[in-house]
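Novice: Listed below, chain by chain, are the residues.
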Amino acid sequence: MAKITLMNVSKQYKGGAIQALKDINLEIEDGKFFCLLGPAGAGKTTTIKLIAGVEPVDQGKIFMDDQEVTHLLPNQRDVAVAFETYALYPQRTVRENLAFPLRAPIRRKEWSEEQIQARVEEIAKLLGIEDLLDRLPRQLSGGQRQRVALGRALVRKPKAYLLDEPIAHLDAKLRHRMRGELRRIQLELGITTVYTTPDQLEALSLADQMAVINEGKIEQVGSPAEIYQRPANVFVARFVGDPPMNIFHAELEDATLCLFGGKKLGISEPLFSKLASAAVEKSLIIGIRPRDIRVLSPSSAEALWRGQVKYVQVLGETSILTVSTDSYEVRIKVNSQEAPKRGEAVGLGFDVRDCHFFDPRSERRID
Amino acid sequence: MNSRRYIIWWILPAAILFLVIILIPFLTALTFSFRSFSFTSSLSTGQYIGVDNYRKLVFDNDFYNSFKVTFLYMVPAILLQGILGLGMALVIAGAVRRARILIPIMLLPTLLTPVVIGLIGVLTLNPDFGVIGQLLKKWGWVQGSVLGNASTALPAIIAVDTYQWTPFIAVILTAGLLALPKEPYEAAQVDGANPIQTFFRVTMPLLWPYFVVALLIRVIDAFRIFDIIWVMTRGGPGTATETVAVYAYRHTFRFWDFGYGSALIMVIFVFISILVEYLYKALQRWQAAQ
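Line by line, the protein sequences are chains A and B.
If you count by my numbering, then the first sequence holds residues 1 to 367, one letter each, in order.
If you count by my numbering, then the second sequence holds residues 1 to 290, one letter each, in order.
Calculated directly from the structure, the hints in this document are not laboratory data.
Note that the coordinates shown come from a computational prediction; the quantities given were computed from them, not determined experimentally.
Treat the hints with caution; some may be incorrect.
[To be verified] Each pair of labels, with its calculated beta carbon distance range:
| no. | chain 1 | residue 1 | chain 2 | residue 2 | range |
| --- | --- | --- | --- | --- | --- |
| 1 | B | P25 | A | L73 | 58 to 64 Å |
| 2 | B | A175 | A | K173 | 26 to 32 Å |
| 3 | A | R135 | B | G50 | 42 to 48 Å |
| 4 | A | Q19 | B | L178 | 47 to 53 Å |
[As the list claims (entries may be wrong)] With a Cα cut of at most 30 Å, we get these calculated DSS-like pairs of lysine-lysine:
| no. | chain 1 | residue 1 | chain 2 | residue 2 |
| --- | --- | --- | --- | --- |
| 5 | B | K56 | A | K157 |
| 6 | B | K182 | A | K109 |
| 7 | A | K14 | B | K56 |
| 8 | A | K22 | B | K182 |
| 9 | B | K182 | A | K159 |
| 10 | B | K68 | A | K3 |
| 11 | B | K56 | A | K217 |
| 12 | B | K182 | A | K61 |
[What the hints assert, rightly or not] Among chain B residues calculated to face chain A with C-beta under 7 Å, some are:
| no. | residue |
| --- | --- |
| 13 | D128 |
| 14 | G130 |
| 15 | K137 |
| 16 | A179 |
| 17 | E183 |
| 18 | E186 |
| 19 | A187 |
| 20 | Q189 |
| 21 | G192 |
Think of the CB as a built atom: it goes at the ideal place given N, C-alpha and C, for glycine as much as any other residue.
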């Protein structure tokens, strides 16, 4: 168990042509479940590989607890990695794949053969692959291979687990179950875990702490609640939350906020002065979550916008409406029983307290 | 416009090439093998003689000997070239960023024509003025001429063949090594595997398909090897280096027995087809069983 610290870490590929990570600073607390959330190509895998030590760091330092590990070999760092691409040993059975981390020369004396077999069986049972132990990787489906890759990481009790999209290729039901199992194992063992995923829901539901990463830069670090409730910039606002936050431009006028469609929204004096000091030529970016928009009758006095329902996506209990107004398409999450029909005219309203404000130039949150 | 009418025009050049280069010669040889075409005999009118050529072949001990020689050449040559080629590939793949210039230099022997390679072999092995021939004589390893001795002629040919073809295998394996995924190596590093374990757990299994390709190409080549042997020994001394291709050539173009030569070629052709098919399946099974 260890705290992992990345200090000003940068990484380039192809002789500097690709800047994979730019000046990353992260502190991953001891024993925490830390999620790294970002779209494909954001630098999640690179971060995992640098912490594992399988790729050299170009600039910056990595610490585990207070020991610098930047130049240590992977096997000296005592971490276990589940690779997104599985990276199983071909020509070796699932059993041998799972057992190898325990048998490796550097740990030769630590485990007896009976202990190894028992541990392998235990992990296989946990991952639901106990019937596959004598098969070869190429006789397995993608989801089965991924579970073996995860098992090969979990079989040991290292200082840290580094899991690179470890359940991305499982079917939905199994993925849900594995998510629960992973969290349970992590809580039980208290081993620091770095977990990457492009799935915001997965990150929000698993993490103690998380970071949103995009194009090699950390956009925001915080607890899932902080990130969901107070996104630091427009990227995070859009990336976290499903359906994504609605983002608009608005103008500050006198003591009001002028929305598209000409509607004015009264705002309090302290909020106005705060926004006024941050706004660029009175212009602002407003974000509002689909859940925070109310569907009203088109004639309602409270309606800030009017529009027509373009699509209704029923997700069971809730439905997602896409409403086209004069300038934007607005997405709204409503209870399915209250959902209007496709083509219906509706009015939309929201509370200024539910709005997120962003600087139009830097796209950063205005607090 | 009906596009189907055009398809014929697109296929035609390839079809004509196939017909002229492969199909017509093959069918000609096939018909020859059922005829008497011996130009050294007054009866060589090309008349149809049924399976007489094949019947003769079944009782031809020299023909069996040529198969034996082919295998005696093929097995050690391929083993040697596989091992050396792998070593070379590991060096090239490791150095490829820093020493790209090495690759064309190492490939030089493969680029030369076999006749030239054969001549190089003859000259270097000459006991009077060849570099290696003189040394072998001086150390007393070989009495007289390397190529004139039935027990050393075939090893000499294997050595020269290896000189020419090892780089070819190295190139195939280098391409394989450079195309291997990085992650299994990284997993091995994290797990704490030592270099030998990494080689046998990761490199060899992943590289195996490339080995199979190289091996099959060389097996087929072994049944065609002619130039080097003809230049160096003409199949001699005696029949010590007479492989199937040399034997078929001798009958066709030395004894001018086109009928019998064609029958030999047909048998060799069928044999290679079966052998390659069998080897390919066996190698796949072997991999599956590992």
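Novice: A separate judgement is required for each hint: does it hold in the structure or not?
Specialist: For each hint, the structure was consulted:
Roughly 60 Å separates the CB atoms of P25/B and L73/A, a value that falls within the hinted 58 to 64 Å. At roughly 42 Å, the beta carbons of A175/B and K173/A sit outside the given window of 26 to 32 Å. Between R135/A and G50/B, the C-beta spacing of about 55 Å breaks the proposed range 42 to 48 Å. Between Q19/A and L178/B, the C-beta spacing of about 24 Å breaks the proposed range 47 to 53 Å.
The hinted pair formed by K56/B and K157/A fails the criterion: a straight-line CA distance of about 73 Å is larger than 30 Å. Our distance criterion of 30 Å between C-alpha atoms is met by K182/B and K109/A, whose separation comes to about 29 Å. For the given pair, K14/A sits about 65 Å from K56/B by alpha-carbon distance, which is inconsistent with the 30 Å threshold. With a C-alpha separation of about 23 Å, the suggested pairing of K22/A with K182/B holds against the 30 Å cut-off.
Distance hint between K182/B and K159/A is fulfilled; the C-alpha atoms sit about 24 Å from each other, no more than 30 Å. For the proposed pair K68/B and K3/A, the alpha carbon gap of about 68 Å is over 30 Å, so the pair is violated. Distance check on the hinted pair: K56/B and K217/A sit about 80 Å apart at the alpha-carbon level, beyond 30 Å; violated. Proximity of K182/B to K61/A is assessed by CA-CA distance (about 23 Å); at most 30 Å being required, the pair is judged to hold.
For D128/B, the suggested interface contact is broken, since its CB lies about 52 Å from the closest CB of chain A, more than 7 Å. For G130/B, the interface hint is violated, the least distance from its beta-carbon to any beta-carbon of chain A being 45 Å, above 7 Å. The closest approach between the C-beta of K137/B and any C-beta of chain A is roughly 47 Å, which is over the 7 Å cut-off, so the hint fails. Interface hint at A179/B: violated, since its Cβ lies 14 Å from the closest Cβ of chain A, which is beyond the 7 Å cut-off.
Look at E183/B: its Cβ gets to within about 4 Å of chain A, closer than 7 Å, so that hint holds up. The interface hint given for E186/B is met, as the beta carbon of that residue sits about 4 Å from the closest beta carbon of chain A, less than 7 Å. The closest approach between the C-beta of A187/B and any C-beta of chain A is roughly 4 Å, which is under the 7 Å cut-off, so the hint is satisfied. With a least beta-carbon distance of about 4 Å to chain A, the hint placing Q189/B at the interface is held under the 7 Å criterion.
About 4 Å separates the beta-carbon of G192/B from the nearest beta-carbon of chain A, less than 7 Å, and the hint is met.
When the structure is compared with the earlier hints, violations turn up for hints 2, 3, 4, 5, 7, 10, 11, 13, 14, 15 and 16 and for no others.
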